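Undergrad: In the numbering used here, the protein residues as written are 1 to 112.
Read the hints as simulated data drawn from the structure, not as lab findings. Certain hints may be false.
Subject to a maximum C-alpha distance of 30 Å in a straight line, what follows is the list of computed DSSO-like cross-link-like pairs (lysine-lysine) [as the list claims (entries may be wrong)]:
#1 Lys2 - Lys18
#2 Lys90 - Lys18
#3 Lys2 - Lys90
#4 Lys60 - Lys90
#5 Lys60 - Lys18
#6 Lys60 - Lys2
Just so we're clear, the structure is a prediction, and the values are computed from it rather than from any experiment.
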Amino acid sequence: MKLVTAIIQPEQLENVQKALVRHGVGGMTISEVSGYGRQRGHTEVYRGAEYTIDFIQKVKLEVLVDDEETEALVGVVLQAARTGQVGDGKIWVVPIDAVVRVRTGEAGSEAV
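Use the sequences and the hints to build the structure in full.
TA: Written out as structure tokens, the structure is:
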């Protein structure tokens with residue numbers, strides 16, 4: 001099993017969610033996060049005063065997937081989240097040693 005994690009623009013979440021549902025993903029975890037990458041934040045003007053925003057709001061999406069589905073799922077997220085602008089985000093994949101459903105005790109793929 002693999003854990004696919006993506007940091008994306010909040011306004012792209014609906015597109016990504018719909019694409020994942022069409023792909024057959026049964027569940028996902030979404031978190032509101034903040035941070036920065038190469039763009040290092042940005043500056044905004046509010047009531048004539050300039051403010052530096054160090055951390056930019058993003059959405060963190062996590063999906064557990066079988067090994068053979070990993071590449072396809074990454075492609076789905078990539079296509080749905082891409083705008084071509086700086087700050088589109090990142091996707092990474094990490095191996096998962098074990099998954100257990102708390103309610104039933106099922107393990108492995110059955111737990112997903």
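Undergrad: Checking against the hints above, which ones are violated?
TA: none
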